[in-house]
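2 protein chains.
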Amino acid sequence: MSAGPRLLEVRKNVLKQNDLMARALRERFRAQCTFVVSLVSSPGAGKTAFLEKMLTMLQPHYRAAALVGDLATENDAIRLARSRAPVKQITTGTLCHLEAAMVERALDGWQTGQLDFLFIENVGNLVCPSSYDLGENLRLVLLSVTEGEDKPLKYPTIFNSADVAVISKADLAGAVEFDGDLLKANLEAVRPGMRYFSVSAKTGAGMDECLEFLTERMAEFAQRTPA
Amino acid sequence: MSAGPRLLEVRKNVLKQNDLMARALRERFRAQCTFVVSLVSSPGAGKTAFLEKMLTMLQPHYRAAALVGDLATENDAIRLARSRAPVKQITTGTLCHLEAAMVERALDGWQTGQLDFLFIENVGNLVCPSSYDLGENLRLVLLSVTEGEDKPLKYPTIFNSADVAVISKADLAGAVEFDGDLLKANLEAVRPGMRYFSVSAKTGAGMDECLEFLTERMAEFAQRTPA
Numbered sequence: 001m002s003a004g005p006r007l008l009e010v011r012k013n014v015l016k017q018n019d020l021m022a023r024a025l026r027e028r029f030r031a032q033c034t035f036v037v038s039l040v041s042s043p044g045a046g047k048t049a050f051l052e053k054m055l056t057m058l059q060p061h062y063r064a065a066a067l068v069g070d071l072a073t074e075n076d077a078i079r080l081a082r083s084r085a086p087v088k089q090i091t092t093g094t095l096c097h098l099e100a101a102m103v104e105r106a107l108d109g110w111q112t113g114q115l116d117f118l119f120i121e122n123v124g125n126l127v128c129p130s131s132y133d134l135g136e137n138l139r140l141v142l143l144s145v146t147e148g149e150d151k152p153l154k155y156p157t158i159f160n161s162a163d164v165a166v167i168s169k170a171d172l173a174g175a176v177e178f179d180g181d182l183l184k185a186n187l188e189a190v191r192p193g194m195r196y197f198s199v200s201a202k203t204g205a206g207m208d209e210c211l212e213f214l215t216e217r218m219a220e221f222a223q224r225t226p227a
Numbered sequence: 001m002s003a004g005p006r007l008l009e010v011r012k013n014v015l016k017q018n019d020l021m022a023r024a025l026r027e028r029f030r031a032q033c034t035f036v037v038s039l040v041s042s043p044g045a046g047k048t049a050f051l052e053k054m055l056t057m058l059q060p061h062y063r064a065a066a067l068v069g070d071l072a073t074e075n076d077a078i079r080l081a082r083s084r085a086p087v088k089q090i091t092t093g094t095l096c097h098l099e100a101a102m103v104e105r106a107l108d109g110w111q112t113g114q115l116d117f118l119f120i121e122n123v124g125n126l127v128c129p130s131s132y133d134l135g136e137n138l139r140l141v142l143l144s145v146t147e148g149e150d151k152p153l154k155y156p157t158i159f160n161s162a163d164v165a166v167i168s169k170a171d172l173a174g175a176v177e178f179d180g181d182l183l184k185a186n187l188e189a190v191r192p193g194m195r196y197f198s199v200s201a202k203t204g205a206g207m208d209e210c211l212e213f214l215t216e217r218m219a220e221f222a223q224r225t226p227a
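Line by line, the protein sequences are chains A and B.
Everything in the first sequence is counted per the numbering used here, starting at 1 for the first residue and increasing by one.
Everything in the second sequence is counted per the numbering used here, starting at 1 for the first residue and increasing by one.
Keep in mind the hints are simulated off the structure, nothing from the lab.
The structure displayed is predicted, hence computed values, not measured ones.
Virtual Cβ for every residue (Gly too), placed ideally from N, Cα, C.
Treat each hint with caution, since some may be false.
Here chain A is said to cover these stretches of chain B; the calculated rule only asks that three of the stretch's residues, wherever they fall, bring their Cβ under 8 Å from a Cβ of chain A [to be verified]: (1) 58-69; (2) 80-87; (3) 138-148; (4) 153-163; (5) 168-179; (6) 211-224.
Model the full structure from these sequences, guided by the hints.
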């Protein structure tokens, strides 16, 4: 916009470099047979609560780990570590999104070749993360019922760049008079056919269906990967 | 970060240009004696609901108008127009924040000299808007109780750049077991002495105190402005 053509040109180069790095990461994950899921959402939509629950559910049967991005604090890594999965925090300072190079640096020294699942929790931001490929196999966008049914219409890019949606905090749907049909119509308008799950990390509702979806997608990925 | 020095240099120039434009806007608002309040928050924190209520409460006694930013849709302008205040939507496309030049363009043709209050609702984003001065006299950051008490610690820059905080959706505090003391401590850690209000646009709780605060600040501003 008013940022001017020079900024756009430089930004294009940054995105191109990011894409190259992301492609290298994706090849590495494929060779190691690690299924990578990234999580994007607004601040406070419940990425960490969802991920803590999911890691705990995966732990008995799969080797899963997580990287978690925030501007500041190690709070989320500390929370996720309660699942007993290996976790690393990436603090971005003032940067509003994760980039592939940060993921690559964070993996340094980790035996990712031994992982079935790697989750990457992005900075809470419903705009900027959409442009940055992190080498993931699946991008999951979370939207809490408290944020309103109009969010797919107002933030179409991130919903378009995601593979699946998770409607979180379903236990609060009644308190906020959440209209599930309206959300479904709005998702459908922006991304026809998009798969979505309603979950509550607090009560556990819907988490089994979501787990099943992720493990099925991981199994399909593993089948396509040369031994 | 990995964006590289060239991007940072170009971004600095964009910020400098924005600051110059914002300064010109601020002088214009001062000369016209219009008190300008910008609103920043995560997507879905309730900026529009708060603003609709505030505009309706101000309407009988003050001349108030609003500009509202979103990536896409005119939904918020349509909602705010129910307050009968003049409202204009700014759609930013893929840009994650408003810039002073967009405000300047949106004001084109408006008789802002006849306004006591102008509200500017930014794109829902708890990171990027913090760097862009819009010529406002007061920046108000909203945080809904559903987002969690840790947000000031995780997004310190936006809380540092704001003048006052509004804790929104107070009617949901019980349902989400919101800890007001913890939030207060976290705000205090990031921005000692920061004034904040707990409100519910739905029930109206706390809105009177917030209205009083804004009208007092407007009166102080008007006194400092040469006739």
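### Per-stretch coverage check for the segment 138-148 of chain B, three Cβ contacts closer than 8 Å to chain A
Contact hint for the segment 138-148 of chain B vs chain A: holds, 4 residues under 8 Å.
### Message
At least three residues with a C-beta closer than 8 Å to a C-beta of chain A: is that true for the segment 168-179 of chain B?
### Response
holds (count 4)
### Message
Count the residues of the segment 80-87 of chain B whose Cβ falls closer than 8 Å to any Cβ of chain A, and tell me whether that reaches three.
### Response
violated (count 0)
### Query
How does the coverage statement for the segment 153-163 of chain B fare against chain A, requiring three or more residues with Cβ below 8 Å from a Cβ of that chain?
holds (count 5)
#### Entry: Outcome, coverage hint (the segment 211-224 of chain B, chain A; C-beta under 8 Å; three residues)
With 0 residues closer than 8 Å to chain A, the segment 211-224 of chain B misses the three-residue bar; violated.
### Task
Go check the segment 58-69 of chain B versus chain A for me, would you? Three or more residues, Cβ under 8 Å, otherwise it fails.
violated (count 0)
Against the hints set out earlier in the document, violations occur for numbers 1, 2, 6.
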